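Peer 1: Using the sequences and the accompanying hints, generate a full structural model.
The lines below spell out each chain.
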Amino acid sequence: DTAVSQTPKYLVTQMGNDKSIKCEQNLGHDTMYWYKQDSKKFLKIMFSYNNKELIINETVPNRFSPKSPDKAHLNLHINSLELGDSAVYFCASSQGLATSYEQYFGPGTRLTVT
Amino acid sequence: QQQVKQSPQSLIVQKGGISIINCAYENTAFDYFPWYQQFPGKGPALLIAIRPDVSEKKEGRFTISFNKSAKQFSLHIMDSQPGDSATYFCAASRGSSNTGKLIFGQGTTLQVKP
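In order, the protein sequence lines correspond to chains R and G. Just so you know, we're using our numbering here: the first sequence kicks off at 729 and counts up by one. Just so you know, we're using our numbering here: the second sequence kicks off at 10 and counts up by one.
It should be emphasised that the hints constitute simulated quantities derived from the structure, not laboratory data. Just so it is clear, the structure is predicted and the values come from calculations on it, not from any experiment. A hint or two may mislead.
[To be verified] For each label pair, taking beta carbons as the anchor points, the in silico distance ranges come out as: (1) Q823/R / Q12/G: 18 to 26 Å; (2) K24/G / L782/R: 42 to 50 Å; (3) D62/G / N745/R: 44 to 52 Å; (4) M87/G / M743/R: 47 to 55 Å; (5) Q742/R / S64/G: 49 to 57 Å.
[As the list claims (entries may be wrong)] Computed cross-link-like contacts, SDA-like style, restricted to lysine to any residue with a CA-CA straight-line distance of at most 20 Å: (6) K67/G / Y738/R; (7) K747/R / P736/R; (8) K737/R / K51/G; (9) K768/R / I112/G; (10) K772/R / Q18/G; (11) K768/R / Q46/G; (12) K764/R / K51/G; (13) K110/G / D758/R; (14) K769/R / L55/G.
Cβ atoms here follow ideal geometry from the backbone N, Cα and C, with glycine treated the same way.
Peer 2: Structural data, given as C-alpha cells:
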C-alpha cells in the first residue's frame with residue numbers, strides 16, 4: 729500500500745517545455761507539501777496546502793503553479809522549464825499543520841531539463 | 010538565512026561504531042525537532058523526533074540529545090551498521106504556527122564501513 733505516490737518518477741524534457749507532476753496520498757491527511765531537493769541534497773519547501781488551501785508559497789518563480797483538486801491530491805505544473813529547474817521534487821503529507829514535524833514523503837520525481 | 014545548521018556534511022564510521030550528527034537552530038519558537046533518514050533514490054522518512062522540553066529520546070539504536078540552552082541537538086547512532094548508510098537530515102518545525110513549515114538542515118551523508 730503506497731502512502732504517498734508521485735508520477736512520473738523520471739521526467740526528461742527540453743528547456744521551454746511545460747510539464748506536470750502528480751501527487752496522491754491515501755493517508756487521509758489534511759496537509760500536503762512540495763519540496764525541491766537540489767544536487768547537494770538540500771531540501772527546500774516550495775508550497776504547502778491545508779484542506780486545499782494554499783498555506784506556504786516560498787520564493788518560487790511564478791512558472792511553478794500548484795493545484796489541489798481535493799485533499800488527497802496536490803499537483804505541480806511547471807511552465808517554460810529552465811536548466812536550473814533540474815532537481816528531485818518530493819511531495820509529502822502530514823496529518824495537519826500542527827503535526828508538520830511528521831511528514832510522509834513520496835518517492836520523488838527526478839526532473840532533468842536539457 | 011539558514012535557520013538550522015547541520016554538521017558534518019559527511020561521515021564515515023566503522024561497523025559497530027557510534028555515529029554522531031549535530032544540529033544548531035536559531036529560532037526559539039521551534040517546538041519539534043525531527044530527524045529524517047533518506048536512502049538513495051527514496052524519499053526522506055521520519056526516524057525520530059523530540060520536543061524541546063525533553064533532553065533525550067531513545068528509539069532502539071537511535072538517540073536524540075537536546076540542549077535547549079545551547080540551541081543544539083544531535084543524533085547518535087549506536088552500533089552503526091552498513092544498513093544505516095544513508096543521508097540524515099535534522100529539521101525544526103513550529104507546530105503552533107499556522108504554516109506547518111518544516112525547515113531542514115543541510116544533510117549528512119553517513120557511510121558505515123563493514
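Peer 1: Let me make sure I understand: some of the numbered hints might not hold for this structure. Which ones are they, in numerical order?
Peer 2: 6
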